[in-house]
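S.K.: In case it helps, our numbering puts the sequence shown at residues 1 to 233.
No wet-lab data here; the hints were simulated from the structure. Please read these numbers as outputs of a predicted model, since none were measured by experiment. Just to be clear, a hint being listed does not mean it is correct.
Pairwise CB distance ranges (calculated) [as the list claims (entries may be wrong)]:
| id | residue 1 | residue 2 | range |
| --- | --- | --- | --- |
| 1 | Glu181 | Asp131 | 15 to 21 Å |
| 2 | Pro200 | Thr49 | 57 to 63 Å |
| 3 | Asp96 | Gly143 | 21 to 27 Å |
| 4 | Thr190 | Arg118 | 40 to 46 Å |
| 5 | Gln98 | Asp219 | 21 to 27 Å |
| 6 | Ala198 | Leu54 | 38 to 44 Å |
| 7 | Ile55 | Gln188 | 47 to 53 Å |
| 8 | Asn189 | Ile55 | 45 to 51 Å |
| 9 | Ala50 | Gly78 | 40 to 46 Å |
Quick reminder that beta carbons are idealized off the backbone N, C-alpha and C, glycines included.
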Amino acid sequence: MDPTEATQTPARRAVRWRSDFVTAFVEHAGSKPASDRLSVRLPTLITVTAVCMLISLVVGIFWQLISPRSKAGAADPGYVATAGWGCDTTNDHGFDVQGRTDQWRTVADGGWSEGGCRGTFQTLPISNDADQSVQWWFVPSTGGQCRVEVYVPRGTSGAGTWVTSVRYEVLAGRGGAAYAEFEMNQAQNTGRWVDVGAFPLRTNELAVRVTARAAGEADARLAVSAVRATCGR
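Work the whole structure out from these sequences, hints included.
M.R.: Now the structure itself:
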């Protein structure tokens, strides 16, 4: 104890103790080490934040590169079906023939042979008879639109050559009204699928129809195999 405190009254000693406490508190609160610690931590925080942002950016770019991207303009594949000659028929897709004559020929192979189809197909001669026709129909019940692909069979020995121009109609369902069309050169697309575009669904149904009216060499024939519809919103 300070010797002078012995001569001080209790009241004076209390005032002095409070004064000493306030002085010590102010000096501690305003001490430079606290400021120094803050000045060191702020750059560290900024550096860590920048590194985290950079890592997030790199991960995002990498994920975009490895993630599968949907084909532009393609429908969400909620429904995929293949219909045609020699293919299975179900409640939601099938194939119809009208006006078949003895001039039509069944070819044993060269057509589509997957997805319920057995590889056989039909050929028919060019004719002005619109009653000779075939129709591929689909009932997806998904709404939205359908991307349509037509399979052109491979040419085989004795089957003849394919037409160079034929017009297909897109119908609002089986036996429905036509609301779009497309043309194809079968002779230039043998043995492959031809993507002919996407078409909006009408009443959740869609059909593709083609007749014997076509153009090509004198002995050219119209090849009829499979049509695939990929439908969704």
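S.K.: Would you list, in rising numerical order, the hints stated earlier that this structure does not obey?
M.R.: 2, 4
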